[in-house]
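Respectively, the protein sequence lines represent chains A and B. Heads up, the first sequence is in numbering that gives the first Met the number 0, so the first residue is 0 and it goes up one at a time. Heads up, the second sequence is in numbering that gives the first Met the number 0, so the first residue is 0 and it goes up one at a time.
Because the hints were derived from the structure by calculation, they are not lab data. Please read all numbers here as calculations on a predicted model, not as lab measurements. Don't be surprised by glycine CBs; every beta carbon is placed ideally from N, CA and C. Treat the hints loosely; a few may be bogus.
Dumping the calculated PhoX-like pairs for lysine-lysine here, alpha-carbon to alpha-carbon at most 25 Å [said to hold, decoys possible]:
#1 B:K47 with A:K635
#2 A:K77 with A:K308
#3 A:K635 with B:K114
#4 A:K469 with B:K47
#5 B:K125 with A:K343
#6 A:K191 with B:K132
#7 A:K358 with B:K132
#8 A:K640 with B:K132
#9 A:K356 with B:K114
#10 B:K132 with A:K67
#11 A:K67 with A:K77
#12 A:K118 with A:K257
#13 B:K132 with A:K356
#14 B:K132 with A:K635
So, partial list: chain B residues that the calculated Cβ filter (under 8 Å) puts toward chain A [to be verified]:
#15 V2
#16 K47
#17 A85
#18 L136
#19 V145
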Amino acid sequence: MSEEKMNKVFVLAHQKHRDEIVSSLQKFGGMQVDNILHRLSEEDWAKVIKESPLPEDLELENKIAKLKHCISFFNVVKPIQKNPMENFVDLQRREPVPRERLRKYIQEVEGHLDEINNKVRELNTRRSDFVAQRAVMSELKRVMHRYELLDVDFSRIADTEKVRFFFGSVKNQDHAKLGKPGLHFEKLDEKKDKLIGVAAVLKGPEAEKAFAESGFTSIPVPQTHGLTGTPKEILKKADEKIKEADEGIVAVDKESKKLTDEWQLKMWAVFDYLSLSKSRGDVLNFSGWTDHTFVVEGWVQEKDSEELKRVMSNASDGSAHVVLREAKEGENAPIILRNSPLLKPFEVVTRTFAFPKYKEVDPTLVMAPFFLVFIGLCVTDAGYGVTLALLGLILRWKYPELRGFFTLIVFAGLSTIVWGALMGGWFGGLIPVDPIWFDSLTNPINFLILALLLGVLQICFGIIVSFVDKLRRGEYFAAFADRLTWLFLVLGMFSMVLATYDVIPLAFKDMPMYVAVGAAGALVLTQGRNQKSIVMKFLGGLTSLYAVVGYLSDTLSYARLLALGLATSAVAMVVNTLAGMAYSSIGIIGIVLAIPVLIFGHFANILISTLGAYIHTSRLQYVEFFSKFYEGGGRKFRPFKIDTTYTEIDSEV
Amino acid sequence: MVVDVTLGLGLAIAGAAVAVALPCVGSAIGVQTVGGAAAGLVTEDPEKFGKLLILQALPGTQGIYGLLIGFLILMNIGLLGGEVTAMSMEAGIAFLFAGLPIAITGLLSGVAQGKVAAAGVGVIAKRPEELGKAIILAAMVETYAVLGLLASILLINGIA
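Construct the complete structure from the given sequences, taking the supplied hints into account.
Here is the structure:
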C-alpha cells in the first residue's frame, strides 16, 4: 500500500492540564481529532464518559461573527490579490504578524469592535441607499423624456368635487366630440393624427357617457417619486438627485477605504487568533469527560507517535497517558498518500476521483504508466510536446507550491514528444520531419488498432489488479471465479478476433475459442452461487455473461485516443495552411501576418488539446480502469493544527 | 484544385457531414447543460471547479466519435490524402447511411448524457468526495454512443 501507517490514539489527562494539552496538540499539528462522543451509543463507554461540562463561549462566537462581518466588507473594498492558479488550488499567501504587533492589534480591536461593526453597517446602508436613489432617478428620467415637450404639472391634475380630470390623447377627427356639454379638452400637443392634452369631465351620467363615446385614450400619469413641476423641471431635479447620489457614493467609498486601510489587517489577525482559540475549544467539546479527567480520541501517523507521547508528557508534567494501537478492521482510518517523488505528480488524478480507503490498494502506481502513455497519444505532436515540457518546467520553478501538478505537465510533454516523433508531426508539419513509425494522418487505422490494443491491455491489467487484491484479502474463491475467469474470457475473445486476421499460428487456431468457451462455462457455473435454487443459480450465471457488452464498450471507448490525436494534428495543419496563405499572398509583408497566426493558432491548439487530453485520459482511468478494482471513499488526514485564513501568527500571545 | 464531384461523391460527403455535425450538436448541448449547472455551483463553491470541469467534459465524447467517423468516411472516399475516385450513386448512398448510426445516437445521447452529468453537479455540491459515482452515472449513457460508433465503423469497413 502506498499509504502511511496510521495509529489510533487516545490521550488521557487530568482536567487541570486541559489548556496546556490542547494548546500543545495544536502546535504539534500531527494528530487528527475525532469526535469521541459517537461512542456514547456504546454501553461500556457511556458508563465512563460524558459530554463536556464547559459552557459554550458565546462571547467568543459573537466576536468572531462581528469580525467576519467587518472583514467581508473590507475584502470587497480592498480585495486580496488572487492568482489565476487559485481556480484549481488553494495558494493564498499569508501575511506574517509577529507577537508584539498581534498583542497590540488584539487590544485595539477589542476596544473598538462594536464601533467599527456599526460603522460598517452604516456605510453599507448609506451606499445602497445612494445606489437605489441613483437607479430610481435614472429610470424616472427615462420615463420623463417622453413627456419632455409637454408643459403640464402632473401633480396638479387632480380631481375636484365635481370634475374629473384625465391626461391622454384623442384622435383629430374626434376632437369635436369633446366639445359636448359637460366636457372640455385643453390641447397641449399635436402628434400626427392625435391631439394630446387634458380632458375635464363633469361628474354625471350624460357627461361620462359622452366622454366614453369620444374615443379618448387615457395615458397613465407617471410616478414622479416626490418631485414636482413640469416634465422639464422634473428632469432637472432628477439630474440633481443623481449628482447628489454619485457624490454620496464617492464619499462613502472614500470613508470605506480609509476604514479598510486602518483596520483590515488588524481584523484579519485578530480573527485568525480568535478562530484558533475557538478550534481549541472545539477539541475540548469533542472530548469525553469524567469527574476529574478528559480523553481525546484521534489518529496519528506511526512515525509521529513517539513525538506525540513526548509532547503530551511535557504538557501535563508527565501525568498524561497516551494509548496507541493499530487500526482495526473496518475502522476507516484517514489517509496520507505515500508515493515516490516520481509518482507523486500522478496523485492528483487519483485524488480528484477519490481517496483510497485505509489498506485499499492505491491505484496511483498502476495507473501512472497508462496515464503517461495515453496523454501523449492524445496530443501526438512532438513540437507541442517540447512546448509543454518547457512550459511545465518554467511554471514549476515559478509556482513551487504547485510543483506536483506542473511536473505532471512536464511528464505529459515528454510522453507527447515520444509519440509525436513516432506517429505525428512537429508543429503540424511546420518542421518537416517524418514520423519514425507511421504517419497517423495517412494511416489512422493503425493508430486505431494501437489504441484498442492498449485499451484491452489496460482492461486486462485492471482485472489482474483486482485478482491480486482479492488474493491478498484472502478471498481465494472469488479471485479465481470472479476475476481469473473474466480475464480468460476477455483474452480468449480478443484472440478470436485476432484469429480472423490470421495473426495466430495455424496450430493454435482453435485454442482461443476453447479458452473463451471454457471461461464462459466457468462463469455460468459460478456467478449464480449466491442464489437459492439450482435453476436460479444457473440463470444467474447465464445472465452474468451480459457483462461482455460492458467490456466491449470499454474497449471501444479507447478509440477516443485516435480521435483526439488526429484532431490535434489536423488543426495544427490548418493553422500552418492559414499562415502559409498569409505569407504567400502578400509576399514578404505576409510574414508580419503569418507569425502571429502561427503563434496564436498553435498556442490555442496546445491549450485545447492538452486540456482535452488531460480530461479524457483521466476519464478513461476513472470509468474503464478504476471500475475494475477500485472503490475509494477514504478521507484525507486532517490534523488539528494552526490553521489560519489570512495571516501567519502564533497561537498564543 | 477542384475535385470532379459526382452525385455519388456528394452523397458520401453528406454522410461525413452528418456524421460530424449531429454528434457535435449533441455534445454542444450536453456540455452546455452541464456548464450552466456548474456555473451555479461555482458561485457558492469555487474550489470545486476542477471536478466540475471533468463532469462537463463527459458529454463531449460524442463529438469526438462523430469526428472520427467523419475522418473514416473522408479517407475512404479519398478526400483526405489519397485520390478521389469516381463513385457511383449507390456507393454514395451507402456512405450516407453508414454515417447515420453515430449521427443519430451521438446527437441524442449527447443531449441525454448532458442531463445526467448536470445532475452529477448536484452530487458534487453536497458530496464532493463522490465524484467517481457521478462520473460513472454519466458514462453509462455513453455506452450507446459507443454502439453507434461501432456500427458506423463496421458499415464503413464493409463498404470500403
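So which of those numbered hints doesn't the model satisfy? 2, 3, 4, 5, 6, 8, 9, 10, 15, 16, 17 and 18
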